[in-house]
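Q: So the chains spell out like this:
There are 6 protein chains.
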Amino acid sequence: MPILTRVITVAERVVGVTTASAHCDVPCGVYDPAQARIEAESVMKIQEKYQDSDDEVFRQRCVLIKEQRADLVKHHLWVLWTDYFKEEHLQKWPNLHDLFWKATKLAGESKKSQDPAQGQQLLDAIEQIADIFWESKGEKRKAA
Amino acid sequence: MPILTRVITVAERVVGVTTASAHCDVPCGVYDPAQARIEAESVMKIQEKYQDSDDEVFRQRCVLIKEQRADLVKHHLWVLWTDYFKEEHLQKWPNLHDLFWKATKLAGESKKSQDPAQGQQLLDAIEQIADIFWESKGEKRKAA
Amino acid sequence: MPILTRVITVAERVVGVTTASAHCDVPCGVYDPAQARIEAESVMKIQEKYQDSDDEVFRQRCVLIKEQRADLVKHHLWVLWTDYFKEEHLQKWPNLHDLFWKATKLAGESKKSQDPAQGQQLLDAIEQIADIFWESKGEKRKAA
Amino acid sequence: MPILTRVITVAERVVGVTTASAHCDVPCGVYDPAQARIEAESVMKIQEKYQDSDDEVFRQRCVLIKEQRADLVKHHLWVLWTDYFKEEHLQKWPNLHDLFWKATKLAGESKKSQDPAQGQQLLDAIEQIADIFWESKGEKRKAA
Amino acid sequence: MPILTRVITVAERVVGVTTASAHCDVPCGVYDPAQARIEAESVMKIQEKYQDSDDEVFRQRCVLIKEQRADLVKHHLWVLWTDYFKEEHLQKWPNLHDLFWKATKLAGESKKSQDPAQGQQLLDAIEQIADIFWESKGEKRKAA
Amino acid sequence: MPILTRVITVAERVVGVTTASAHCDVPCGVYDPAQARIEAESVMKIQEKYQDSDDEVFRQRCVLIKEQRADLVKHHLWVLWTDYFKEEHLQKWPNLHDLFWKATKLAGESKKSQDPAQGQQLLDAIEQIADIFWESKGEKRKAA
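Residue numbers (our numbering), protein chains in the order written: chain S, 1 to 144; chain R, 1001 to 1144; chain L, 2001 to 2144; chain E, 3001 to 3144; chain W, 4001 to 4144; chain B, 5001 to 5144.
Just to be clear, a hint being listed does not mean it is correct.
[To be verified] Only pairs whose alpha carbons sit at most 20 Å apart, straight line, appear in this in silico PhoX-like list of lysine-lysine:
| hint | chain 1 | residue 1 | chain 2 | residue 2 |
| --- | --- | --- | --- | --- |
| 1 | S | K86 | S | K102 |
| 2 | W | K4102 | R | K1086 |
| 3 | R | K1102 | W | K4092 |
| 4 | B | K5111 | E | K3092 |
| 5 | W | K4102 | W | K4092 |
| 6 | L | K2092 | L | K2102 |
| 7 | W | K4102 | W | K4112 |
| 8 | S | K92 | S | K137 |
| 9 | L | K2092 | S | K102 |
| 10 | W | K4102 | R | K1102 |
| 11 | W | K4102 | R | K1092 |
| 12 | E | K3102 | E | K3086 |
| 13 | L | K2105 | L | K2092 |
| 14 | B | K5111 | E | K3086 |
| 15 | L | K2092 | S | K86 |
Just so you know, the hints here were simulated from the structure itself, not pulled from any lab data.
Please model the entire structure based on the sequences and the hints provided.
A: In structure tokens, the structure reads:
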């Protein structure tokens, strides 16, 4: 059995559908919207923790770290937009550009906002992109 | 329904088990071994592509990009080791330190190696860590 | 007319008082397409120098540094797209998303290409964006 | 005359066709003092915005982002000093070392200062360097 | 006299034992616990300066810069742990993993703490590691 | 005994003169030429290893990693020059600017050179700076 097939088989057995998402299309070629999502979850958690705390230094560190996490969200989304998606995907999802533009704007706004509902909007936007990503790969994300 | 619960519920419906892994324990507190795994998959794909190509510049870029990806694997593993795991986990998994040490060493070796079998060893080591991670969170990764 | 001369000629004709472009609209708010252009000029120069050299290590360093410069082009373009441009600009320039998408794809391709003509395409794409940028600010770039 | 207007006026008078400045001398070889200037304009704008705001988190983000922008100013100036300028330039402009030293010190001080007049001093120092840079290239920056 | 020997000889004459510590074992191969220590000294100094100041912006910058310095401490320690130490060292110092784990945790905690005594604990932990490092190299660090 | 005194005392006992060099003058305020030196030692070691190897990929990685190490040398030297040294030091060492300029140029040249003798020149230049640095602090670096 070729090596790559073995990876996916072992991975599927253990992790379920997750690993199946990390394919390779071109150059280094491994894309996964989970990278943006994980950082966005961090953003929203920080917004929650900011609300729950009244320690001045802790809140300052929340603002500081959130700034970095939001930058990572933007970066991962930009890479996905520019590097993964092709002309054929735009034919099928004509609003793709706009989805990415708005999602990255939401990531930018999350630097200013301490409201977890704002972080949730960001996560929802990433979910929309993840749906298209997986459909474009012809793989259905199944419930556990 | 509180915001956080809603996230997980929506996410679980759409993505299956994946999102459930991104919890928050302390400070910014979102950890997920998928971050290391995605970069390691990139490392192994690059090793495969290196083997399949005879273009000198392309192979050079493989070596160059693999160096960066392997650094990211090391970074994500180190963060998990230092920031997520606690004394109580060491009681339960006494080989935890050694697993991380060897996994990060494998990531370092992947910079030198153009053999996908080496990349597979790295992925296997990350899988072992991911298994412990999920067990430590009391969440079972289910097959799809 | 040699390629480099052409770049400068075109640039001089179109650009004029570049510095006037560095305004501030929102948050830190200083945007200037010159940031992407300078890095793209570096990319094209490296492609030329690669062609002119037969020193193995020098050419390797060209590939390596070009990789970094191209990443900076992508970054500066992404920032401009997400952070500077607003909904009203999209009404006026409906192809804005596509221009940025293609320009960043060209930057990605410049990592693979050692052909200065490819770098020139990237510079041309950035010029198109710069034209819209300056028009959106209601400032005419005058010839010297 | 308000500070910002003064910047632009001075800049327009002195700079003219900035873009013509992006030449290539050695290795990747594209140098342009505009890179330092753009970041310094960002520094001064942030100092202004800090003064105009009484939102605690916004002001904190000003301090945070200004720190990064000032670092970029320092970096771009250092690169120019070490990589572009040659022994022959020092013969002609014996105070070159001192100009760079003081300009980078001003960039360091801008991290501590919330006063736009301090940022203006930094911009003036960069202008002095830009004047020498352009003269050294035998190209006159013309007014528009 | 071969080049390397000359370096050490000159260095020893001038700096004492310090330079002798910077050897090369594998790949780029130069390791020195001083890298982690210098950043940790910076962390503790910032904690002291935070205590001595009542300027709000200055204290904010302390928190911000300490965050970065602590990250560097973690990075340098992780590199030492993964890249320098070998299986044979673990045989001799079975608590090595634990020392590194606790030292990097202390570095993480120093982000939250403004207490110089906490920074001192971090420095002490790095000293313990440095002792083992030098002993493993068969070189005694002598008092001046 | 105040905390800081205790640090130096413990450190002096164990490490000899090394720690005494890490003082604090301004802001975060810990400076040590060892940071530049350690990276420069890495540069020279890589040049040696390049000469000793005939493995193509290994040599490529040497060039790649040396590029990064040389950048770190430049960075640490620039920081020392701009942030540590004051006007009074220039009075006493009028060639200070020139020493730094030439040392950073040597670091830049080490990217191109695979000759350990070139790396040795870089180390010598850093030694000259370190001598001045320690003399400026009124501390003699003693032999062991």
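Q: For each hint given before, does the structure comply? Return the numbers of the non-compliant ones in rising order.
A: Of the numbered hints given earlier, those the structure breaks are 4, 13, 15, listed in rising order.
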